[in-house]
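> When you get a sec, could you build the whole thing from the sequences and use the hints?
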Amino acid sequence: MTQPLVDIQNLMVEARTDSGRKVEIIKGVSFTVEKGEIVALIGESGSGKTTIALTMMGYTRPGCRISGGKVTLGGRDLVTMSEKQRQALRGTDVAYVPQSAAAAFNPAQRLIDQVIEVAGIHKLMPKAEARAKAISLFRALALPAPETIGERYPHQVSGGQLQRLAAAMALIGDPQLLIFDEPTTALDVTTQIEVLRAFKDVMRKGGMAGIYVSHDLAVVAQIADRIIVLKGGEIQEEGTTQEILHNARHPYTRELLSAFEPAVFQPHEPKDTKSVVRRPVLEVSNIYAGYGPLGGDGLPAKVVLSDVSCKLYKGQNLGVIGESGSGKSTLARVVAGLLPPARGTVEFNGRELDTEAARRSKEDLRRMQIVFQLADTALNPARSIADILGRPLTFYHGQKGAAREARIKELLDMVHLPSAIRHRMPGELSGGQKQRVNFARALAANPDVILCDEITSALDTVVAAAIIDLLKELQSSLNLSYVFISHDLSTVQSICDQVMVMQNGRTVELLANSQLPEGANHHYSQLLFASVPKLDTGWLDSLPAGFAATGN
Amino acid sequence: MSLKPMSRSLSLPRFGLRMSATGILASLVILFWAGVAIVGPRFAPYAPGDIVDFDFYGPISDQLWLGSDYLGRDIFSRIILGARYTVGISFASVCMACFTGVAAGMSAAAIGGWFDTILSRILDALNSIPSKLFGLVMVAAIGSSIPVLIVLLAVIYTPGSYRFARALAVNCNTMDFVTVARARGEKTPYLILHEILPNIIGPVLADLGMRFVFIVLLLSGLSFLGLGVQPPDADWGSLVKENIGGLSFAAPAVIAPCIAIASLTISVNLLIDNLPIKIRDRAS
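Chains as they are written, first to last, in my numbering: chain X, 1 to 552; chain L, 1001 to 1284.
Just so you know, these hints were derived from the structure itself, not from any lab.
Every residue, glycine too, gets a C-beta built ideally from N, C-alpha and C.
Selected chain X positions facing chain L (in silico; Cβ < 7 Å):
(1) Ala336
(2) Leu338
(3) Ala357
(4) Lys362
(5) Leu365
(6) Ile370
(7) Thr377
(8) Ala378
(9) Leu379
(10) Asn380
(11) Ala382
Below, a sample of chain L positions facing chain X; criterion: calculated Cβ distance under 8 Å:
(12) Met1175
(13) Asp1176
(14) Val1180
(15) Arg1182
(16) Arg1184
(17) Gly1185
(18) Glu1195
(19) Pro1198
Listed below in structure tokens is the structure:
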């Protein structure tokens, strides 16, 4: 039997807290990776998947250290070797593709210089040769204009292209092991297909081993040979992709799988059936909006929304779906009064609202709340959860002292968080907890309408499913209406009565829930719906070549 | 592999705070100089103008603990008396400069538009006047007194502080949590005090430390030109300048005030880099 490429034995990683207490993050994990094999590490945020992946480069994040076990790469133990020896391995034997390529590139340097940097650091090859190799990698990764794309700067290429360039940067040193840390999580479904396909081709041709860290089982099913399911720093289940998908034994794995089953949608019928004329609680009419100075035609220099109209009925939900750049978040900003539109009106309960939030009445502001996608930036990192939740209570309802404290506990309870959490800072919560706090802040105002801007997109599937359940539960108890903005069809499908498909700032189609997804008539809606990864190992390969490219 | 555990750190568990040993040392030095500034003059062996040594640049001796200066005056007494000027004037000015600069900078970032443009241009104009020249003209016009020096130094260092705070606040202003607060209908004072300030306070304090050092240096420059603290009193900067000729004799008269300035300015910066951390633990 040949030696495996990576052999991890009883790995333990611990972290130290402010007061010097030690916390075990990884509690004795063992597994192997054979040459040319792609192993996926899957689990919710905080399960230790990235920490394990990083130990394969002999790296731990600041404040953490490997406290026990062995990590061998090609027979050499990364735990005991010196930092200098590890540095020699990084980039040549093992390379890393980060989650956010946008943050991994230096915005002030040309792409090609950054891609070939590894070759220079390790003195692998002369510069001209490295450039030629980079260009051949660009070609292999199906990047457009491989000869010249490297001359651009990071902001001049799209997110999907940047992610492939990050892979090229990792591949330049011909590593035996490539670590992908959620490389497609931040991408649109349509872009994700291109990127996954490029990765898969390159890995297959190069015969490289890979570690694919993800929380998305459907994505992993397309690319991995084996899946390791993690939770709380321990391996829950390990098996081939087929075994995990079809014969999962561990309850946590089943939970992950069940998050993919289409949730049952229950239409929200108006409670008061006697009223014949249904009036929308929120009506947006013929909105034109954008950024930059207004031109001669009264439109801004960069028009993002053109002639968008929609209606939201009391107690119902409107889904807005489309890829990034389609103007869905801009629509939410216009409705919330953060971006005054050039033309068009926003009516709330039949009354026209001022275009600017600063000139709307406190009562109007209270009744319509907005929740942003990234709870990391939407919660002030320097203030405690109690301060964050307490402010709208004081601001809108004038609550103070014990009443405010009691209401904060009640709100935390509503979003299923322990009340002790109120003393913490946002940085000390997990992604799912932060998003719950973010949502609880909107609830603190007692609103009628909540604008949810991609609130589940940054969360892993199980946590996102829990948030959606929470939204449904609160909707029925508090009689809320949601505008639910997302690029993920399955979440929209599970909660929205009507779905508006947007592309390039225009409404493509308005569909009722019962028409989803087969009832889509427009070509773009069909493409968007077909791009959602399926829990089937052959799904990616079954798509026709150039599938996603037909979208534009 | 990983960061070494912080080896030298002391806890103040009673206050739920933890401060590194460096920070504690720095704060002790600062407290020492503050104490000297307040009660020092009572213990100074000689008056600042007394000529007590027939030699100049005299060495350290029993009577003259830090030697004598270029006129034969006691350096030890002069440093103790100068602490009041250096610590007091600089501290008062730096607080004024940073308070106005940071408040204006955050307002400009949060309000934006014309307010920002006009305020920025006015302060840029002020910034473009050479600071020493501006000081000379103002002191010549108004006359030198301690309140004038404090306000003058504050005015000179406000534009820099404004620029710095504005740059930080502009970044912070575009964060989602500020947008959420705006969508809630919050007014500018709340945005500045509760949303922006807590997130920029670290760099602002570091800037304050740096500006403190600059003010100490500018004050000594003005004193050297005879426009700052008036003789026979002297701040530490002027002690260095008036005794600079003693450098070739390795006179303690020039070394001692240098050590005093260095110990104070370095301590201020070390303290700001090592402010007490509140102990908060995830699973407590």
